[in-house]
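Quick mapping for you: the protein sequence lines, in order, are chains A and B. With numbering that gives the first Met the number 0, you'll find the first sequence wraps up at 365, consecutive numbering, no jumps. With numbering that gives the first Met the number 0, you'll find the second sequence wraps up at 692, consecutive numbering, no jumps.
Among these hints, one or two may not hold up.
[As the list claims (entries may be wrong)] No farther apart than 25 Å at their CA atoms in a straight line, the calculated lysine-lysine pairs in the DSS-like style are these:
| id | chain 1 | residue 1 | chain 2 | residue 2 |
| --- | --- | --- | --- | --- |
| 1 | A | 135 | A | 77 |
| 2 | A | 267 | B | 369 |
| 3 | B | 369 | B | 379 |
| 4 | B | 446 | A | 253 |
| 5 | A | 267 | B | 379 |
| 6 | A | 253 | A | 267 |
| 7 | A | 116 | A | 135 |
| 8 | A | 77 | A | 116 |
| 9 | B | 487 | A | 253 |
| 10 | B | 379 | B | 446 |
| 11 | A | 135 | A | 111 |
[To be verified] What follows is a list of derived Cβ distance ranges for each label pair:
| id | chain 1 | residue 1 | chain 2 | residue 2 | range |
| --- | --- | --- | --- | --- | --- |
| 12 | A | 8 | B | 75 | 21 to 27 Å |
| 13 | A | 195 | B | 380 | 26 to 32 Å |
| 14 | B | 306 | A | 251 | 26 to 32 Å |
[Said to hold, decoys possible] So, partial list: chain B residues that the calculated Cβ filter (under 8 Å) puts toward chain A:
| id | residue |
| --- | --- |
| 15 | 53 |
| 16 | 126 |
| 17 | 129 |
| 18 | 130 |
| 19 | 450 |
| 20 | 461 |
| 21 | 469 |
| 22 | 474 |
| 23 | 475 |
| 24 | 478 |
| 25 | 479 |
| 26 | 483 |
| 27 | 510 |
| 28 | 526 |
| 29 | 653 |
It is worth saying that the hints were derived from the structure and are not from the lab. The C-beta atom is built at its ideal place from N, Cα and C for all residues, glycine as well.
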Amino acid sequence: MSASVEYASYGTLILRRFLRHRLGVVGAVITAAIYMVALFCEVLAPADPEAFNPRALYTPPQGINLFHTAADGTFEVKPYALGYTSSVDYNTGERRFETDPEQVIDLGFFVKGAPYKLWGLIPWDRHLFGPVDPDKKVFFFGADRLGRDVFSRTIHATRVSMTIGLIGVALSLILGIIIGGASGYFGGWIDVGIQRVIEFLQSLPSIPLWIGLAAAIPPTMPPIQTYFMITVILSILGWTGLARIVRGKFMALKNEEFVIAARLDGCKPTRIILRHMVPNFMSHIIAVVTLAIPGMIVAETSLSFLGIGLRQPVVSWGVLLQEAQNLRSIAAAPWLFVPGGAVVIAVLALNFLGDGMRDAGDPYAN
Amino acid sequence: MPTEPLLSIDGLSVSFGTDGTRVTALNEVGFDIPAGKTVCLVGESGCGKSVTARAMLRILDANAKIDAGRMLYRSGDGNMIDLAGSATKAPEMRRVRGNEITMIFQEPMTALSSYYTIGNQIVEAIRQHASISRRDARDRAIEALEAVGMPDAKARLDAYSFELSGGQRQRAMIAMALATNPRLLIADEPTTALDVTTQAVILELMRDLQARFGMSILFITHDLGVVAEMADEVVVMYLGEVVERGPVAEIFNAPQHPYTRALLMAAPHYQSQRNARLPVIPGTVPSLSQRPAGCVFVSRCTFAEKGRCDTTRPPLVTGATDSRCFFSGEELAVRPKAEAHIAEAALPKTMLPENGAVLRAHGVSKHFVKKSGMFSRSVKTTRAVSDVSIELNAGETLGLVGESGCGKSTLGHTLAGLLDPTDGRVHLGRNGNMDDITHLPEPERRKVWQDMRVVFQDPFASLNPRMTVFDIVAEPLRVGPGRITNSKALTARVEEVLGHVGLSPEQGERYPHAFSGGQRQRIGIARALAPNPRIIIADEPVSALDVSVQAQILNLFRDLQREFGLTYLFVSHDLNVVSNIADRVAVMYAGRIVEMASTSEIYNAPRHPYSAALLSAVLVPDYRVEKLPRQRLRGHPPNPADLPNGCAFAPRCPFATDLCRSTEPALESDGAGRLTACHRRAEITLTGLKDAG
């Protein structure tokens with residue numbers, strides 16, 4: 000043990016400390032799972048998220064059963080769901096759904112279903128899990144007002160919501176490291192100027208600014224461009240916090256003896272920064288970035304929920320939650336809140352992960 | 000034992016729980032603290048001194064557990080209390096802690112709250128333990144501050160800790176500890192963070208207070224000079240065990256345990272032969288988790304006997320001193336030594352390759368301008384270094400001494416070209432010329448830095464934790480003007496340099512965190528050595544190290560100088576260290592050099608009153624019954640942003656005249672190479688160490 004510690008690099012020590020942080024590991028596993036969902040959403044979703052189904056409006060969630068006893072008494076173990084028969088109460092106008100034991104929908108792995116293009120490139124029609132008969136429909140999380148599968152839509156929304164956080168933070172990070180690094184390394188009037196700009200940007204109220212900027216996006220713009228515009232809007236304010244952290248780290252490290260020693264060794268500024276300074280605060284920055292992603296996700300969800308962020312046909316968690324804006328859905332179709340649950344899980348997981356990484360960032364501390 | 004002890008510790012064992020395993024921190028520690036006496040707890044870092052003190056007050060960390068033992072304390076009302084037995088928060092414990100037993104800490108800045116005034120904190124401490132009115136408590140606080148010699152005690156009562164100097168802060172801490180009339184005062188390295196002159200004053204104060212109030216003192220220190228000055232009884236600890244205990248005279252004059260002996264020999268001091276290798280203790284203190292099976296000291300002991308010392312724990316042999324060793328002192332005297340590390344013969348200094356200056360500073364000043372207020376209206380100038388002219392001759396070691404804030408580090412950095420002087424020139428001798436190296440563009444500077452290297456103070460902060468030792472040492476060879484591009488040649492050179500500082504090529508694969516403080520300092524030295532420099536500027540290179548390791552590093556510096564003809568500028572606040580390694584010494588005060596001469600001249604016969612005061616404050620690890628008369632300095636060093644007129648030392652100088660207070664004395668030569676900046680240098684006679692001893 001001791002011998003391996005002696006040869007372990009700083010990164011290995013951080014990893015070891017992180018693995019001891021139980022909640023952080025849980026967060027890491029969940030975060031990884033969510034990003035896997037985002038990566039393979041076409042395969043994981045049993046149905047086409049856009050396919051609407053006039054006969055299945057507001058279908059409640061269908062459970063998965065395993066033990067099946069047929070009418071003739073034969074018993075078998077297989078995954079299946081039961082269909083609904085719906086009727087309308089003509090007094091109240093309410094639709095009622097009753098499970099129908101006769102309608103057995105067999106479920107299976109890697110079943111043929113709606114054709115799609117994986118990552119917009121590879122044409123395929125297999126889905127990880129779903130009804131064996133491609134003509135039958137099953138709604139694990141129910142259906143919305145157009146009879147679209149909430150489960151499939153939530154899975155597809157994962158890709159948009161999770162990447163908008165990632166890309167938004169990446170943009171912020173690039174801006175933050177360049178601007179904050181310049182501010183911290185050169186100091187003087189450069190520092191003063193940049194700090195005033197940051198203070199100005201941080202003094203702007205964020206929601207009205209986002210609303211203003213988002214409103215400026217023409218509604219005719221293609222969805223993919225809207226997506227990038229929203230990302231840029233989120234980063235405009237996002238970089239300031241990161242820039243300040245990077246600046247602080249630069250200022251603290253600039254006077255460390257090992258950085259002075261690097262200068263005496265004959266290193267030029269680029270080498271001092273890239274080889275001696277950046278590796279020493281990268282772990283800290285990664286933790287900060289991880290903690291910044293949830294903010295981006297929540298911001299995108301808020302904007303889309305308010306109807307000024309992403310718009311149909313793009314599906315993000317915020318867009319899906321728009322469906323749950325009215326009283327009727329609360330009363331009649333509470334399953335429309337499922338995407339909200341996804342937001343909570345993703346934000347909590349990322350926060351746990353970020354906390355764990357921050358604690359592990361200093362392997363010499365106790 | 001003549002009187003009943005105030006506190007009797009017996010078989011105290013403490014362990015810490017980390018990551019599911021328990022590590023023994025204290026193993027059967029036992030000693031007595033007699034009433035009205037001072038017991039010094041001495042040992043290197045990580046030996047369990049502070050843990051012992053914290054166990055007595057039951058303020059151990061949450062993961063620590065007292066496994067066994069008793070700490071019988073005779074309380075003021077005559078009851079015997081077992082401090083190890085009563086639960087931590089028992090009312091009994093609270094009555095004792097902070098009232099009958101109080102503690103002062105190493106760093107008064109962090110131990111005092113900066114949120115409340117000194118008075119507030121002392122009054123709070125008094126009222127916790129005595130039900131008296133706020134007004135009475137305040138009067139007692141003033142009394143306590145006056146007792147510790149706080150100037151203008153009444154006014155200082157309403158001062159915040161950051162408004163006081165280091166010495167005053169420590170006085171305030173002591174006043175707080177004394178305010179409840181304790182029967183036992185625990186002092187954990189109370190003077191380690193202080194300058195020597197302040198240390199001397201605080202130690203004398205503690206002795207006076209003990210004589211007046213009759214309390215016992217448990218004094219924790221790593222400094223044997225402090226032990227010789229303060230102790231009645233000494234307890235030597237090593238790796239959580241008491242290895243030797245006894246009266247101070249016996250410990251210093253007839254130590255029994257090999258660790259005590261080695262510690263006494265390794266401590267550099269003026270009486271030890273100058274420029275001679277110090278006898279060292281090989282290796283370093285092992286970590287607590289690697290406690291040897293037999294005697295704790297076995298891995299570093301030169302007398303260790305295989306099959307006995309490494310398997311069986313020696314008993315505590317009672318005698319003049321109690322020692323945990325199989326052998327008595329007489330036996331050790333005749334035993335063959337396993338290694339010849341101890342008392343190695345003095346190496347004569349033979350190699351002086353070329354004479355003449357390699358580095359010359361001429362009238363160097365460094366002022367820092369601090370703008371404050373909106374739009375930089377008011378400007379404050381801190382004169383860190385003023386008009387310093389020195390010369391470093393090839394192959395010599397110039398010691399630069401002075402108290403903290405005197406500008407010695409700034410001068411070191413200015414000479415190294417890390418800072419540009421505000422005024423004056425620095426010349427580097429190379430290829431027969433003296434080249435001006437001030438205000439050079441960075442690429443030219445990099446060439447200078449290949450020739451003149453720096454060794455830093457902090458062995459932890461000066462090595463990049465993300466790079467292997469090999470990469471750290473190779474860095475100057477990879478990027479410098481004289482870079483080695485051939486990777487085989489590079490590897491060969493790095494391994495050669497690692498060998499010079501006593502590290503193996505395999506150790507190059509590791510990261511700095513795998514090394515102890517002393518080994519890290521070796522890595523720092525290897526990095527300095529890599530581009531084959533001629534000059535090394537060492538900024539307090541051993542002050543962060545333990546005594547036994549200090550000796551190893553000093554020996555390394557000396558060996559390297561002999562081998563490569565290096566020239567050292569050795570910056571240090573520790574006069575014992577400087578006396579051991581320097582050929583010449585420059586004494587700095589308030590940014591100026593006040594005296595510069597050969598080491599023996601300054602130490603034996605100082606001519607500047609400040610040098611004399613500094614030497615008088617030096618504590619020698621050598622016990623004598625009659626304490627030396629010490630010259631105490633009044634006040635504290637001036638603020639370099641607000642220097643007095645005339646001689647900066649005049650306000651504290653016992654010999655100052657009106658001339659001193661109005662005119663700055665120049666650094667003048669006596670014609671024989673001795674430089675002194677004092678108007679009265681011809682008239683006054685000062686005592687050095689030789690005369691006193």
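Each hint, compared with the structure:
| no. | hint | result |
| --- | --- | --- |
| 1 | A:135 x A:77 | holds (17 Å) |
| 2 | A:267 x B:369 | violated (28 Å) |
| 3 | B:369 x B:379 | holds (5 Å) |
| 4 | B:446 x A:253 | holds (22 Å) |
| 5 | A:267 x B:379 | violated (33 Å) |
| 6 | A:253 x A:267 | holds (14 Å) |
| 7 | A:116 x A:135 | holds (21 Å) |
| 8 | A:77 x A:116 | violated (29 Å) |
| 9 | B:487 x A:253 | violated (32 Å) |
| 10 | B:379 x B:446 | violated (34 Å) |
| 11 | A:135 x A:111 | holds (11 Å) |
| 12 | A:8 x B:75: 21 to 27 Å | violated (57 Å) |
| 13 | A:195 x B:380: 26 to 32 Å | holds (28 Å) |
| 14 | B:306 x A:251: 26 to 32 Å | violated (53 Å) |
| 15 | 53 | violated (16 Å) |
| 16 | 126 | violated (35 Å) |
| 17 | 129 | violated (37 Å) |
| 18 | 130 | violated (40 Å) |
| 19 | 450 | violated (11 Å) |
| 20 | 461 | holds (4 Å) |
| 21 | 469 | violated (12 Å) |
| 22 | 474 | holds (5 Å) |
| 23 | 475 | holds (4 Å) |
| 24 | 478 | holds (5 Å) |
| 25 | 479 | holds (4 Å) |
| 26 | 483 | violated (12 Å) |
| 27 | 510 | holds (6 Å) |
| 28 | 526 | holds (7 Å) |
| 29 | 653 | violated (39 Å) |
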